[in-house]
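Participant: Residue-level listing of the chains:
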Amino acid sequence: MKQFFSVADVANLSQLVDEALQLKSNPFTAANLGKRKTLGLVFLNPSLRTRLSTQKAAIQLGMDVMVMNMDKEGWALETKDGVTMDGNTVEHIREAAAVMGQYCDILGLRSFPKLQDREEDYSEDLFRKFMSYCKVPVISLESATRHPLQSLTDLITIREHWHETARLPKVVMAWAPHIKALPQAVPNSFSEWMCRAQAEGMVDFTIAHPVGYALAEEFTRGATVMHSLDEAIEGADFVYVKNWSSYEDYGKIHSVDERWMIDSSKLTLTNEAKVMHCLPVRRDLELASEVLDGPHALVIQEAGNRVWAAQAVLKRMLEQLLSDN
Amino acid sequence: MKQFFSVADVANLSQLVDEALQLKSNPFTAANLGKRKTLGLVFLNPSLRTRLSTQKAAIQLGMDVMVMNMDKEGWALETKDGVTMDGNTVEHIREAAAVMGQYCDILGLRSFPKLQDREEDYSEDLFRKFMSYCKVPVISLESATRHPLQSLTDLITIREHWHETARLPKVVMAWAPHIKALPQAVPNSFSEWMCRAQAEGMVDFTIAHPVGYALAEEFTRGATVMHSLDEAIEGADFVYVKNWSSYEDYGKIHSVDERWMIDSSKLTLTNEAKVMHCLPVRRDLELASEVLDGPHALVIQEAGNRVWAAQAVLKRMLEQLLSDN
Amino acid sequence: MKQFFSVADVANLSQLVDEALQLKSNPFTAANLGKRKTLGLVFLNPSLRTRLSTQKAAIQLGMDVMVMNMDKEGWALETKDGVTMDGNTVEHIREAAAVMGQYCDILGLRSFPKLQDREEDYSEDLFRKFMSYCKVPVISLESATRHPLQSLTDLITIREHWHETARLPKVVMAWAPHIKALPQAVPNSFSEWMCRAQAEGMVDFTIAHPVGYALAEEFTRGATVMHSLDEAIEGADFVYVKNWSSYEDYGKIHSVDERWMIDSSKLTLTNEAKVMHCLPVRRDLELASEVLDGPHALVIQEAGNRVWAAQAVLKRMLEQLLSDN
Numbered sequence: 001m002k003q004f005f006s007v008a009d010v011a012n013l014s015q016l017v018d019e020a021l022q023l024k025s026n027p028f029t030a031a032n033l034g035k036r037k038t039l040g041l042v043f044l045n046p047s048l049r050t051r052l053s054t055q056k057a058a059i060q061l062g063m064d065v066m067v068m069n070m071d072k073e074g075w076a077l078e079t080k081d082g083v084t085m086d087g088n089t090v091e092h093i094r095e096a097a098a099v100m101g102q103y104c105d106i107l108g109l110r111s112f113p114k115l116q117d118r119e120e121d122y123s124e125d126l127f128r129k130f131m132s133y134c135k136v137p138v139i140s141l142e143s144a145t146r147h148p149l150q151s152l153t154d155l156i157t158i159r160e161h162w163h164e165t166a167r168l169p170k171v172v173m174a175w176a177p178h179i180k181a182l183p184q185a186v187p188n189s190f191s192e193w194m195c196r197a198q199a200e201g202m203v204d205f206t207i208a209h210p211v212g213y214a215l216a217e218e219f220t221r222g223a224t225v226m227h228s229l230d231e232a233i234e235g236a237d238f239v240y241v242k243n244w245s246s247y248e249d250y251g252k253i254h255s256v257d258e259r260w261m262i263d264s265s266k267l268t269l270t271n272e273a274k275v276m277h278c279l280p281v282r283r284d285l286e287l288a289s290e291v292l293d294g295p296h297a298l299v300i301q302e303a304g305n306r307v308w309a310a311q312a313v314l315k316r317m318l319e320q321l322l323s324d325n
Numbered sequence: 001m002k003q004f005f006s007v008a009d010v011a012n013l014s015q016l017v018d019e020a021l022q023l024k025s026n027p028f029t030a031a032n033l034g035k036r037k038t039l040g041l042v043f044l045n046p047s048l049r050t051r052l053s054t055q056k057a058a059i060q061l062g063m064d065v066m067v068m069n070m071d072k073e074g075w076a077l078e079t080k081d082g083v084t085m086d087g088n089t090v091e092h093i094r095e096a097a098a099v100m101g102q103y104c105d106i107l108g109l110r111s112f113p114k115l116q117d118r119e120e121d122y123s124e125d126l127f128r129k130f131m132s133y134c135k136v137p138v139i140s141l142e143s144a145t146r147h148p149l150q151s152l153t154d155l156i157t158i159r160e161h162w163h164e165t166a167r168l169p170k171v172v173m174a175w176a177p178h179i180k181a182l183p184q185a186v187p188n189s190f191s192e193w194m195c196r197a198q199a200e201g202m203v204d205f206t207i208a209h210p211v212g213y214a215l216a217e218e219f220t221r222g223a224t225v226m227h228s229l230d231e232a233i234e235g236a237d238f239v240y241v242k243n244w245s246s247y248e249d250y251g252k253i254h255s256v257d258e259r260w261m262i263d264s265s266k267l268t269l270t271n272e273a274k275v276m277h278c279l280p281v282r283r284d285l286e287l288a289s290e291v292l293d294g295p296h297a298l299v300i301q302e303a304g305n306r307v308w309a310a311q312a313v314l315k316r317m318l319e320q321l322l323s324d325n
Numbered sequence: 001m002k003q004f005f006s007v008a009d010v011a012n013l014s015q016l017v018d019e020a021l022q023l024k025s026n027p028f029t030a031a032n033l034g035k036r037k038t039l040g041l042v043f044l045n046p047s048l049r050t051r052l053s054t055q056k057a058a059i060q061l062g063m064d065v066m067v068m069n070m071d072k073e074g075w076a077l078e079t080k081d082g083v084t085m086d087g088n089t090v091e092h093i094r095e096a097a098a099v100m101g102q103y104c105d106i107l108g109l110r111s112f113p114k115l116q117d118r119e120e121d122y123s124e125d126l127f128r129k130f131m132s133y134c135k136v137p138v139i140s141l142e143s144a145t146r147h148p149l150q151s152l153t154d155l156i157t158i159r160e161h162w163h164e165t166a167r168l169p170k171v172v173m174a175w176a177p178h179i180k181a182l183p184q185a186v187p188n189s190f191s192e193w194m195c196r197a198q199a200e201g202m203v204d205f206t207i208a209h210p211v212g213y214a215l216a217e218e219f220t221r222g223a224t225v226m227h228s229l230d231e232a233i234e235g236a237d238f239v240y241v242k243n244w245s246s247y248e249d250y251g252k253i254h255s256v257d258e259r260w261m262i263d264s265s266k267l268t269l270t271n272e273a274k275v276m277h278c279l280p281v282r283r284d285l286e287l288a289s290e291v292l293d294g295p296h297a298l299v300i301q302e303a304g305n306r307v308w309a310a311q312a313v314l315k316r317m318l319e320q321l322l323s324d325n
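Residue numbers (the numbering used here), protein chains in the order written: chain A, 1 to 325; chain B, 1 to 325; chain C, 1 to 325.
The hints are simulated quantities; they were obtained by calculation from the structure and are not laboratory data. Each hint should be verified, as a subset may be incorrect.
Same chains, same label: a pair holds when it works inside one copy or across any pair of copies.
As the list claims (entries may be wrong) - Dumping the calculated DSSO-like pairs for lysine-lysine here, alpha-carbon to alpha-carbon at most 27 Å: (1) LYS80 to LYS24; (2) LYS37 to LYS114; (3) LYS135 to LYS24; (4) LYS80 to LYS37; (5) LYS72 to LYS180; (6) LYS135 to LYS252; (7) LYS252 to LYS37; (8) LYS35 to LYS180; (9) LYS24 to LYS72; (10) LYS24 to LYS114; (11) LYS37 to LYS129; (12) LYS2 to LYS135; (13) LYS24 to LYS180; (14) LYS2 to LYS252; (15) LYS114 to LYS252; (16) LYS80 to LYS35; (17) LYS72 to LYS114; (18) LYS135 to LYS37; (19) LYS135 to LYS180; (20) LYS252 to LYS24.
Note that the coordinates shown come from a computational prediction; the quantities given were computed from them, not determined experimentally.
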């Protein structure tokens, strides 16, 4: 694996999930694979789970990790080409990426969208330039439009908690209210991965959101989309709760309708569904405390699985690096 | 040891001090004890000594260390239960702590008091919730009301510099002036530890402060309290200099009386006392430069001993972890 | 080597360059030299290349690395002696340096000039006090007036890309426009190292800058100084592009004359010169994109060489430490 940016970078989804679960059973099976290899984690935005779980995964593979909070320990990067850099940006992504590629065998990058210009965000210009100029394998720690480590984690978590063989689990991604305009990266990515998983006969996938919150079509092909939460979650085995701002009316908040918040009474409509969320979650705004603190919530185990997703991906990248040499 | 939050978590004070001094003589006796164990250090507030000494201690035990500056690299945490999170806090301590516990075998947490609501600060609500929800052993890197790694360090330093057997060392904690309102955590903790040490026949302990600066009674039981600096330090073997804001008139500064600053002339009243301070110290405001730069000051050695205090505590926690498995 | 602050700390320039290139060929020849030794990297200012390359170098020597962003994770330091610390500074450099020396075997420090008081900046008061009080070897990660790891890197890069034996390479440091007032540290240091290299028969060195941009004489003794860019770069084998603010009219910007920007047409005057820059570089302000993206640019390789410069210096310091014990 030479990059991990979207589900398209995964040749065999089921195998990768299996490998992650094997690493969870036995974290140190490849404890020397990354020896004398350096992972650089570059953050242009805050991070808790991604930061710690990816570090932990790398350490368990024997790698050395260097963290660079570019926004706080460094300076502002220019991404546009052909501009005279006489403004606030101090270094161009061309140089910054290339230099970090000199020091690291694999790089991770986190970069949020600005939510102002849809075309710019969805071009993934910054991320693509970073991947291109650094000349080493890049693992996405969340980009403007995707968060593949989260989605792989989610698929691992669903696999781990589904034991029936007679039927597929019904997975519903349910939009939830929020007061801040959030990126579509997590829901895009979850949808992209679930549509692929559905196509490969692993899940049955439905999306529920209010009118005006349709995601970009490229991420949702094959999904059942509904505008009624109650209808969508009927018989659900997994409910994946997530807010996002509008893609159509880009970056805007149309609704904070509290009837879209999953609580215990909503859960009665489901098949004793497990409730997932990528975290951080705003209690009693996005998701009811009674659910988060109850037996249906999987959010902590899900966050814990971030380690195994990252470790499986890094392992693949290291194997590729070693076979290339 | 499953938590290190106050002196009550230490079964045998003298043994822990001895162990720290043995580690100082031979830092790598347990260099593999922490192999494949991860320490997470979570800072909600700035830190120099605590940050570096705890990292160093963990490294010398073979642990991997991950540092999380939650205030700068992450986001604001909610601690109150039962509130709709539609304000500035992004994640609840329930989730944040539980998630960090997924990635780390032991966690350290630093969290200062706000000095606005005494009851809230002294409830140690944030710290107790963190300990409860993370489900792994927690080492305090300073909480709202205590700084036990500092106090253990101080006891180690006193033991190291006291060679008489015929009598106990007279230890005096002397309030000092400061222009900023500082927490009571360090003096509470020092007093708590010295009262325990006094009860176990290790020291003779006196506190000196101006009227209006009494600490909470729970920390000072057994101490001699005086309101005259000169009388208190008479014949002192160790003078522990520290400012704190008022506990009674909570978080307020009543006095910056420079006659409470220890200088060379004050030292003539003592028994050639060693002078200690947890640092950072404001020169010539809290403590005279002539003392800090002179032969009586122990402050640098004291700061150096932070490593051995942390290493002794982490060693205990690792031993417990390994015996539990 | 007990400190690495200026070229004067290097006994044999050519040997150190050779050693760095040997480490580049074989990064792990001394992979255990730094075992159980700790490098502390203290940043009072932002850093990308220096931060990552020095970490990487230390890791390859087997050292443990602790990073301290003193400006963000800590607090403001006082450097003046004899002042009552009742202002904004929280800790004196005397204590802060001494304490960090307790935790680390080698310390690195980065500290920029304020560009307000020339005498203060050029006294290197902060850096000298840090070196004096910490009592362990100190490696400069850039100080007010010098950046020796960059300069050693530059000499390594020139050596690596010069294969003629019949004559010396003509190296020209060319002032370039910038909109911000930058320190003289990099040009001072480059000049100091090139003058030494010239004296030892390794290069032929010229400086080109507009009138009003003369560097302090102590750094430029032996260099040919010209005020015409075109004349200076005639026949140049290496052009080292760098902006600096005025030393004479201290910290001021006198010119942003775009005719001082190196572009492809300027390069025709040279001997197919390789173009160097310490980075970050502002494209099309300091240096034309067409040059940075073309075959003459060495800037990425140069940045990559920062690792080997740091590793050679740290190796010397470790050897000294071990021979002292």
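Participant: Any hints this thing doesn't respect? Which numbers, in order?
Facilitator: Checked against the structure, the hints that fail are numbers 1, 2, 4, 6, 7, 8, 9, 10, 13, 14, 16, 19 and 20, while the rest are satisfied.
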